[in-house]
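S.K.: So the chains spell out like this:
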Amino acid sequence: MPQPLKYLRESPSQTAGPYVHIGLAPGAAGFDIYRQELGHDMAPASVPGERIRVEGCVIDGMGAIVKDVLIEVWQADAAGIYPHPEDPRHTKAAPGFRGWGRVISDFETGLWAFDTIKPGPVPGPNGQMMAPHISLWIVSRGINIGLSTRLYFSDEAAANATDPVLNLIEQPERRTTLIAQRDTTATAPEPLYRFDIRLQGADETVFLDI
Amino acid sequence: MTQTPRPPAEFFQRDRTWQPRALTPDYKTSVARSPNLPMLSLRGTLSEITGPVFGHNDIDPLDNDLLRNYAKTSDPIGERIIVHGRVLDETARPVPHTLVEIWQANAGGRYRHRKDSYLAPIDPNFGGCGRTITDENGFYTFRTVKPGAYPWRNWVNNWRPAHIHISVFGSGFSQRLITQMYFEGDPLIAKCPIVNSLTDPAAIDQLIAPLDMNAAVPLDCLAYKFDIILRGRRSTFFENRPEGN
Chain A
1 MPQPLKYLRE
11 SPSQTAGPYV
21 HIGLAPGAAG
31 FDIYRQELGH
41 DMAPASVPGE
51 RIRVEGCVID
61 GMGAIVKDVL
71 IEVWQADAAG
81 IYPHPEDPRH
91 TKAAPGFRGW
101 GRVISDFETG
111 LWAFDTIKPG
121 PVPGPNGQMM
131 APHISLWIVS
141 RGINIGLSTR
151 LYFSDEAAAN
161 ATDPVLNLIE
171 QPERRTTLIA
181 QRDTTATAPE
191 PLYRFDIRLQ
201 GADETVFLDI
Chain X
1 MTQTPRPPAE
11 FFQRDRTWQP
21 RALTPDYKTS
31 VARSPNLPML
41 SLRGTLSEIT
51 GPVFGHNDID
61 PLDNDLLRNY
71 AKTSDPIGER
81 IIVHGRVLDE
91 TARPVPHTLV
101 EIWQANAGGR
111 YRHRKDSYLA
121 PIDPNFGGCG
131 RTITDENGFY
141 TFRTVKPGAY
151 PWRNWVNNWR
161 PAHIHISVFG
171 SGFSQRLITQ
181 MYFEGDPLIA
191 KCPIVNSLTD
201 PAAIDQLIAP
211 LDMNAAVPLD
221 CLAYKFDIIL
231 RGRRSTFFEN
241 RPEGN
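Protein sequences appear in the order of chains A and X. Once you know that position 26 of the first sequence is 26 in this note's numbering, the rest is easy, because the numbers rise by one and skip nothing. Once you know that position 208 of the second sequence is 208 in this note's numbering, the rest is easy, because the numbers rise by one and skip nothing.
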């Protein structure tokens, strides 16, 4: 018998369920309990960068909009720096920028949206740059373990074309599932991007096992 | 800040055979909400090995006391319990200073949520959520009431075992985890299609908190102990690691 390998095992995931808002967004559940809820203001006005808005919905395998989804957002600042000690440049991250937000879909329409700054390109594997992107983590009733994906930007075509993660996707047509489309008809001053997430079906979003 | 040196770099691969599958037909809602296509396996880049950092300015001291954090006229109705444990990684290293959030039904099995219409009453003194940050050794504590079982629409007569939902961050976004804690001895555990999204009995056991009489407070409350394990981080021995990898 060899020596035993004594690793613990990751706690198994269980669905966040329909009442995830009680814990993570109690205001949406219908009550006020905390001095401040976390993840509402992704980028205070003092944070430098181009202001953008992202909106979309999550669609299930029957084509129905999922109305009880919660999405967490993680992104670098406008210079491509994460405010986290693992980023070698983190001491230069934009002050006041946590890089993280929490978004819920509207109970009636299923639409969700968040306001942030556009992230910069981030150093990737082997010194290759990754195109500007936002990491998303999606939970809801019926999702047994949170789904991870990335959102890229349609107006970064050159950077997207050389992005090492997009290029790992075998079928080029599936890469488009990760690209938020800039809405050129929008009238608001800040750019608006549309990003729909399809859990299942012909246009299923590429999810990441990270 | 932390007394525990944490090695850098990416996380151990997640064991997808241990975790629940996306499609678990006995839990009906998963059928239309489960991806069919294989996920893209992605070795951790800077975007995955980093994650949000929280501090004590984000929360208040009473946030982890569900007996008091929404009490209006008295403590809530129900069996008073402490839930405590540690957040560790797969190498048994503590995960310090990480945000832990919980939510649950009240003692009657009713959630304080605009979408819950179960006939058991709302408890005016119970909100049903709490949050805390682990200490430098990964310990956390909550005080609450034991939640009740409740029926849900899946089969005609499905009941959830008593459970507390738990959300944990860890130090990188790919450690992010939401799970549920069950209570030792509950006969509803074995009957639950959500619990049974896990196929390995050892995985189910890992979500069942034992009664912990040593942590109970005499003449006041019982206690359950629940450790939460997040993915371990690889050490980087003998590795060429280009900048930014």
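FYI, nobody ran anything at the bench for these hints, they're computed from the structure. Source: prediction; values computed, not measured. Every residue, glycine too, gets a C-beta built ideally from N, C-alpha and C. A hint or two may mislead.
Stated by the list, open to error - So the derived label-pair ranges between C-beta atoms look like this:
1. A:M129 with X:W155: 47 to 53 Å
2. A:Q171 with X:W155: 34 to 40 Å
3. X:A9 with A:P48: 25 to 31 Å
4. X:V217 with A:A79: 46 to 52 Å
5. X:P187 with A:P85: 34 to 40 Å
6. X:D186 with A:G30: 27 to 33 Å
7. A:A79 with X:P187: 53 to 59 Å
8. A:L111 with X:D186: 34 to 40 Å
9. X:H56 with A:K92: 22 to 28 Å
10. A:P95 with X:R43: 15 to 21 Å
To be verified - With a Cα cut of at most 27 Å, we get these calculated BS3-like pairs of lysine-lysine:
11. A:K6 with X:K225
12. X:K115 with A:K67
13. X:K225 with A:K67
14. X:K28 with X:K72
15. X:K72 with X:K146
16. X:K146 with X:K191
S.K.: Below or equal to 27 Å on CA atoms is what counts here, so check A:K6 against X:K225.
M.R.: Holds, at roughly 21 Å.
S.K.: Holds or violated: the 34 to 40 Å window for the beta-carbon distance between A:L111 and X:D186?
M.R.: holds (38 Å)
S.K.: Between the alpha carbons of X:K28 and X:K72, is the straight-line distance 27 Å or under?
M.R.: Given pair X:K28, X:K72 is violated - Cα atoms ~38 Å apart, limit 27 Å.
S.K.: Assuming the hint says 47 to 53 Å, is it satisfied by the Cβ distance from A:M129 to X:W155 or not?
M.R.: Given a distance of about 51 Å, which is inside 47 to 53 Å, the answer is holds.
S.K.: Determine whether the Cβ-Cβ distance between A:Q171 and X:W155 falls within the hinted range of 34 to 40 Å.
M.R.: holds (38 Å)
S.K.: If you draw a straight line from the CA of X:K72 to the CA of X:K146, is it 27 Å or shorter?
M.R.: Holds. X:K72 to X:K146 sits at ~19 Å (cutoff 27 Å).
S.K.: Can you tell me whether the CB distance of A:P95 to X:R43 sits inside 15 to 21 Å?
M.R.: For X:R43 against A:P95, whose Cβ atoms are near 31 Å apart, the range 15 to 21 Å is violated.
S.K.: Lying within 25 to 31 Å: is that true of the beta-carbon distance X:A9 to A:P48?
M.R.: This hint holds: roughly 30 Å between Cβ atoms.
S.K.: May I ask you to test the hint 27 to 33 Å on the CB atoms belonging to X:D186 and A:G30?
M.R.: The hinted range 27 to 33 Å holds for X:D186 and A:G30, with Cβ atoms some 28 Å apart.
S.K.: Quick check on a hinted range of 53 to 59 Å for A:A79 and X:P187, using CB atoms only.
M.R.: Between A:A79 and X:P187, where Cβ atoms are some 56 Å apart, the hint holds.
S.K.: Would the pair X:K146 and X:K191 pass a check requiring their Cα atoms to be no farther apart than 27 Å?
M.R.: holds (20 Å)
S.K.: Hint says 34 to 40 Å; check whether the CB-CB distance for X:P187 and A:P85 agrees.
M.R.: violated (46 Å)
Of the numbered hints given earlier, the model fails hints 5, 10, 13, 14; all others are met.
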